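The chain contents come next:
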Amino acid sequence: MKNTLKVQRAIHELTQEELANKIGVSRQTINSIEKNRYVPSTVLALKLSAIFKISVNDFFTLEEND
Amino acid sequence: MKNKSFCERERSYIERMNKFQLSNKFKIIGYYFTFGVFALMIGKKFFEEPYWVKPLLRGLLLLGMLLISISKDKIEDEFIESLRSQSYRIAFILAILYSLLQPFINYGVGLLFDKNETMEGFSYFQVLFYMLVVQLMVFWQLKRMNK
Numbered sequence: 085m086k087n088t089l090k091v092q093r094a095i096h097e098l099t100q101e102e103l104a105n106k107i108g109v110s111r112q113t114i115n116s117i118e119k120n121r122y123v124p125s126t127v128l129a130l131k132l133s134a135i136f137k138i139s140v141n142d143f144f145t146l147e148e149n150d
Numbered sequence: 249m250k251n252k253s254f255c256e257r258e259r260s261y262i263e264r265m266n267k268f269q270l271s272n273k274f275k276i277i278g279y280y281f282t283f284g285v286f287a288l289m290i291g292k293k294f295f296e297e298p299y300w301v302k303p304l305l306r307g308l309l310l311l312g313m314l315l316i317s318i319s320k321d322k323i324e325d326e327f328i329e330s331l332r333s334q335s336y337r338i339a340f341i342l343a344i345l346y347s348l349l350q351p352f353i354n355y356g357v358g359l360l361f362d363k364n365e366t367m368e369g370f371s372y373f374q375v376l377f378y379m380l381v382v383q384l385m386v387f388w389q390l391k392r393m394n395k
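Line by line, the protein sequences are chains W and X. If you count the first sequence from 1, position 9 lands on 93 in this note's numbering, and the numbers rise without skipping. If you count the second sequence from 1, position 62 lands on 310 in this note's numbering, and the numbers rise without skipping.
Any given hint might turn out to be false.
Label-pair distances were calculated between CB atoms; the ranges are [to be verified]:
#1 W:Thr126 with X:Met385: 27 to 33 Å
#2 W:Thr145 with X:Glu329: 21 to 27 Å
#3 W:Thr88 with X:Leu288: 53 to 59 Å
#4 X:Tyr355 with W:Thr88: 56 to 62 Å
#5 W:Lys90 with X:Met393: 28 to 34 Å
#6 X:Lys302 with W:Thr145: 56 to 62 Å
#7 W:Asp150 with X:Tyr372: 39 to 45 Å
#8 X:Ser333 with W:Thr145: 25 to 31 Å
#9 X:Tyr336 with W:Glu102: 30 to 36 Å
Each computed DSBU-like pair below joins lysine-lysine, with the alpha-carbon atoms no more than 35 Å apart [unchecked claim]:
#10 X:Lys391 with W:Lys131
#11 X:Lys320 with W:Lys90
#12 W:Lys137 with X:Lys395
#13 W:Lys86 with X:Lys320
#14 W:Lys137 with X:Lys293
In short, the hints are calculated from the structure, not lab data. Nothing here was measured: the structure is a model prediction, and the numbers come from that model. Quick reminder that beta carbons are idealized off the backbone N, C-alpha and C, glycines included.
Whole structure, please, built from the sequences with the hints as guidance.
What follows is the structure in structure tokens.
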């Protein structure tokens with residue numbers, strides 16, 4: 085599953101640390117999501133979507149092998 | 249109705265057990281405890297001790313490592329929980345393989361030096377120690393890889 089977290093973060097001028105603090109996770113978690121090593125839970129996906137004010141569907145897209 | 253409430257009680261009990269974790273300060277206590285006991289285990293080699301000291305120190309060492317294992321990280325989020333689960337799964341499988349293979353490896357190596365070697369079992373301490381060491385190291389490694 086791909087995501088646009090890094091792009092959204094750049095648009096909103098947020099560092100990984102700042103974003104992590106906003107949603108109450110570690111910087112490692114944000115880094116792993118950005119690098120597609122970790123697929124977040126629905127709760128975390130909704131928190132991210134609320135922060136960046138875009139829908140979860142625009143945020144995450146399925147890949148062929150999903 | 250009774251069955252349902254029994255199932256719900258059972259489920260909530262398992263859920264509570266599943267979520268049980270000690271606070272982060274217990275991790276530091278666990279480190280001090282483990283290294284302290286480890287130092288005592290090395291130190292006791294130079295002194296004559298009563299027979300009960302060895303099993304006691306072994307038990308305390310396992311307890312210290314368990315404290316480290318079940319204590320929360322500074323930021324314990326869902327990602328850390330998933331890494332922790334992975335480390336427990338790997339440690340569990342490797343400990344079973346270890347307990348299955350270790351007697352044969354011991355026997356094989358023993359045969360190289362002594363033709364009269366007999367196959368022996370090994371203590372619960374070895375398996376539990378191995379399991380905890382693997383869990384802690386895999387967890388640490390997974391966190392390091394995802395920095």
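Where does the structure disagree with the numbered hints, that is, which hint numbers, in rising order? When the structure is compared with the hints, numbers 5, 14 turn out to be violated.
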